[in-house]
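> Residue strings, one per chain:
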Amino acid sequence: MSSAETSTSPARGRIVWVLLCVGAVLASCGDAGSGDSDALVMYTTVTQETVDAVVAAFQEANPDGEIEVFRAPTGEVTARIAAELRNGELGADILWLTDPLSIQQYEADGLLRQWTPEEAESVPAEYRTETFFGTRILNMVIIAGEGEQVSDWSGLPDLGSVAIPDPSFAGSAFGALAYFALDPAYGLDFYRDLRSNGAVQVNSPGDVVSGVAEGIYRAGMTLDFSARAAIADGSPVQLIWPESGGIAIYSPIAIVDSSGSALAEDFVNLVLSAEGQSAIAATGWQPIRSDVSWEHGGPQVTVNWSRAFDRQEELLDDYRSLFES
Amino acid sequence: MSRRWDLKWVALTLLVGTLLVVLVLWPIGELIAVAIEQYGLEGADAERARQSAVNTLAVGLLVAVVAGSLGALGALVTERTAVPGKAWLRVGILLPILIPPFVSALSWTRAYGPGGLTDDLLGVSADGLFGLFGVVAVVAVNAVPLSYLLTVAALNSRVESDVERAARISGASPASTLGTITVPLLAPALAGIGALGFVLGINAFGVPAVLGSPVGFRTVTTLIYEDLALSARPEAFRRAILLATGLVVAAVTFVIVAEVLLRSVGTAPRSAAGSGPQLAKVRPRWGVAALAWAFVATTSILPLVALGLVALTRGVGLPPVPENLTFANFAEALDGRLLGALLRSVGLALLAATVGILLGAGVAALRKRRFGGVFGVVVLMTFAVPGSTLAVAMILAHGRLLRDTLLIILAAYVAKLWAVGHRAIAGSAENVAPHLYLAARSSGASSFSAVRTILVPMLRPALAGGWVLIFLIAFHEVTMSSLLYGPGTETLAVAVLNLQQLGDVPVSSALAVILTVPLLLVAIPLLTSSRIPRRFLGTG
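These protein sequence lines map, in sequence, to chains A and B.
Counted from 1, the first sequence has number 741 at position 187 by our numbering; the numbering is strictly sequential.
Counted from 1, the second sequence has number 218 at position 184 by our numbering; the numbering is strictly sequential.
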């Protein structure tokens, strides 16, 4: 037993206070601005680098504007929104998501504001509605190991060990599901074939890239952005643009109708402007505006989004019964 | 005794009581109320819930058996065998305490998974890593330190080495001494340790999230996470609540069982000769040492090395040869936003440790007062409640006011971890001889100032040990943080989990290394000076 030292309680008491203060400071310094009710709040599924670039451009143009971002994959953002609606009110001012299907439900529920941004005309008509507007285009393409030969979607099941992303986790995967399921040339049989030949569902398009790069799968379905980034890092993979076309998915941005923020419309205008679009292109995504330069690309196929929206639940249930038995 | 001092005890009781109600009783009560209201799942939802419950039970039982046996084996090796380098071996066995379980899972995939280190070097990889086998293996490995410490404490307190020596002197071989004396005396403790292993198994979240979810092997905890954090369907929310309630009932039951079985561990008088019957001039057992070190290397060291190599590799799928090595992943991992997560984790852990120790000390101080018994029960309940359940309960009780703040995360940490502080202190307090305290009281000190000036300084090692343990657990905590975080309140562990889910292998590995290695480097010297573990156990 240690000898009982003469009273050290003042010294120890001081240490405790110091620790408490340091802890409080550290804990709150990451939290700066979250208590600020004037801050613009955005829930987004866009990749972090792109969000940072656009937010930086916004803050340069609006030095007094505070913006707070919650960035997470589609499943998490929609869960958060559902939880907030359950508790009463949506905390976001702006929603910037990855695919039109996830945002269409909020439009149907009347949560989004109808308005016309300054640059609305620069967004092709098929990529906008009265409440949400496309900001960039994601292309689902094929990624394959270095020696593999495949030229189109129809060749994918023959490769056997193929990875596809989870539609309930990633909006882009949901878009691909909508395209294949609704196209008479493919239908759900496409997924049935994939499954029976040994295809595996992984979480995100990023997991598809990792899996193919590590040699676990021969090929997979992923975003052109992710494939290009891996190739730039030196991973032993190749990006194969399908002959019939990459599946074009557009990334919508919308303002929540109950938002009281004066800056929300400024932010959306910035995202749709040439400046915002250049920032998006610089981080690796295809801009929605044709007047902003973009050198990658290829033939594209589009999805019938309104039909897909009507049959969302059904599509997901059918898919799940195939892949999650 | 004058009235003024009585008031201090009353004030302390009220303060501690209020905190416990707000942090623990109210949330759990609300959870059970809502669950009863919403009882009833249908169809595919119920099927998934049932499957996850079966998986969870399987994990719990297997972890109990595996971790219990390995921990006991380790204790017998270090306490009853003449292995060389005992102090270092103890550190090796205790290593998993310093590694967050989900980082351990990540590192195993980088070491033994498809595309991992053994795949690159030897062409073999563990196919069963994803799924039940991998989940049980990693959770059990992470539970071994606790099992080991408790078995050592049991060996030192319940198994009187005099009896073992008597047997050996009478001619029994080491093996039959083990079988007829040591193990039977250890049996109740082993059962209690097994029960705790079961609870650890059913509460595990990070490991099944990394090794189970990708192949559809869901446990109750990961299903709760999916229902709350990844799904917008109202049925999912209901299912999460029901699962959380079921989990807490199972956990509390088994912790009570463990508590009863382990009550005598660590409190019986120790034999004066210290550790077991090692006669002089015994041959050092190199073979046993080699096996033990092989175990430590395979389960802790090699995976960490693999994790580090992946963190240093330029791109995914490239072999970790010198031309592919870079620090770029670390640079990306430490950019502004993630640096904020690191600071937040440190701050929250500091606060949680300090408040948790104070609260634990408060309850320990009150154990002999009027409501001591009640507080004791509340301690048990908090200790048992799984992180997933507590997070759901916090959302229900305090979500309206505190949602998305750091305060709700801090409250969850304190609610879960103060029992750790309490156990550290109460365990040591039992062993403090009362004569100094009684001398102070009979010289005129009030009970309050006697506690403050006599007991508290004597308990400093326990206070320090408890503080460090709470800090570590809070820093690495991912189960509750992943359910409670919001814009601007992401912790470091959650950042790693999110990056892992996005499939960003290099940067998530770099961040996992940042989460783990600095603490490892600080803690290993502390553990090697063998004072801390012994004091913490009260084996002195």
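Some hints here could point you the wrong way.
[To be verified] Covered, in the sense of this in silico footprint (three residues per stretch, anywhere, with C-beta under 8 Å from a C-beta of chain B), are these stretches of chain A: (1) 618 to 628; (2) 636 to 642; (3) 726 to 734; (4) 753 to 767.
Simulated from the structure, these hints should not be mistaken for laboratory data.
Each residue gets a CB set at the ideal place from its N, CA and C atoms; glycine is no exception.
> Against each hint, give a clear statement of whether it holds in the structure.
Now for the hints, and whether the structure bears them out:
no.	hint	in the structure
1	618 to 628	holds (count 5)
2	636 to 642	holds (count 4)
3	726 to 734	violated (count 0)
4	753 to 767	holds (count 12)
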